[in-house]
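**Student:** Protein chains in written order, with the numbering used here: chain E, 858 to 1013; chain X, 858 to 1013.
Derived by calculation from the structure, the hints in this document are not laboratory data.
Zero decoy hints are in this set.
Selected chain E positions facing chain X (Cβ under 10 Å, derived; list incomplete): (1) Phe880; (2) Phe885; (3) Ser901; (4) Lys967; (5) Thr972; (6) Ser1011.
Here are the simulated DSS-like cross-link-like pairs (lysine-lysine), alpha carbons at most 25 Å apart as the crow flies: (7) E:Lys988 with X:Lys967; (8) X:Lys967 with E:Lys967; (9) X:Lys995 with X:Lys951; (10) E:Lys929 with X:Lys875; (11) X:Lys1000 with X:Lys985; (12) X:Lys919 with E:Lys875; (13) X:Lys974 with X:Lys995; (14) X:Lys988 with E:Lys967; (15) E:Lys951 with E:Lys988; (16) E:Lys875 with X:Lys875; (17) X:Lys973 with X:Lys1000; (18) E:Lys1000 with E:Lys985; (19) E:Lys919 with E:Lys875; (20) X:Lys929 with E:Lys974; (21) X:Lys929 with E:Lys1000; (22) E:Lys995 with E:Lys973; (23) E:Lys974 with E:Lys951; (24) X:Lys967 with E:Lys985; (25) X:Lys1000 with X:Lys967; (26) X:Lys995 with X:Lys967; (27) X:Lys912 with X:Lys929; (28) E:Lys875 with X:Lys929; (29) X:Lys974 with X:Lys951; (30) X:Lys951 with X:Lys1000; (31) X:Lys995 with E:Lys929; (32) E:Lys967 with E:Lys1000; (33) E:Lys929 with E:Lys875; (34) X:Lys973 with X:Lys951; (35) E:Lys988 with E:Lys1000; (36) E:Lys919 with X:Lys875; (37) X:Lys929 with X:Lys919; (38) X:Lys995 with X:Lys973; (39) X:Lys929 with E:Lys995; (40) X:Lys974 with E:Lys929.
Here a beta-carbon is modelled for each residue, glycine too, at the ideal position from N, C-alpha and C.
Listed below, chain by chain, are the residues.
Protein chains: 2
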Amino acid sequence: MRHTLSVLVQNESGVLTKISGLFSGRGFNIESLTVAPTIDTDFSKVTIITTGDDKIIEQICKQLNRLINVIKVVDVTGTNITERELVLIKISAKVDRSEILNIANMFNAKIIDFTKKYCTFEVMGDEKSIKSFVELLKPLGIKELVRSGKVAISLD
Amino acid sequence: MRHTLSVLVQNESGVLTKISGLFSGRGFNIESLTVAPTIDTDFSKVTIITTGDDKIIEQICKQLNRLINVIKVVDVTGTNITERELVLIKISAKVDRSEILNIANMFNAKIIDFTKKYCTFEVMGDEKSIKSFVELLKPLGIKELVRSGKVAISLD
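Please construct the entire structure, taking both the sequences and the accompanying hints into account.
**Tutor:** Following this line, the structure appears as structure tokens:
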């Protein structure tokens, strides 16, 4: 099953290496990971998306909790959260411009650059809408795509 | 100086541990890091924001390039790129609702949840606009803030 883990850490060199090491040590691949400072810049929030056996993920969470500099680990899967992702996409500008604009409008994507060669978008959304957006752009020729990885916030 | 590194990797367990280990081994803190699949899901793009001596960062880039599963490392600092970040913010709903809406409109932030207790926003932007948005919300009482970390795309 796919899990979303939210990990609060102290901003110390090495904490990310230890966290990712706990996954790679068990041969677990991390699908996406984001780490950035919280409102208190002494701390960072790490959001990890990973897929695997529920019991092993529970064990990893316990081991994460024992790491120095790890303050709190929460498996937020299935709780009252919102997940979002940011995607930057560059496509060829040599396609029907009205089609590009229509797709952008449908998904509230913003065009951040439009040159003779390329059109570059920014879009944020949940997994489903990002997937649909990318699928619609694919036939137009995607030159580059950069995803942020998912971030999650509790609504409670 | 602050650097933005864009690293293309093969999706193999352990590559993130090796990458972050190169920074922590030198006592370098990573300010933000995102890793997520590219359009070809066999590969992921890692975007790293770090601050430090230019020569040491150049050395780290060379060492990154030598890692197995690392396909390409580019220090995109100062090149023709756009950087964006996604932020989810939860504030108390017990404040003037029109003030919340005004701030949201100014920054094109979307309200994703509004309960009796909390108002939760999603916003994307560059460093400057995110900073201004957070500063304006601070006096209203930020309950939680989750940043994606920066992602960057070349406009060339």
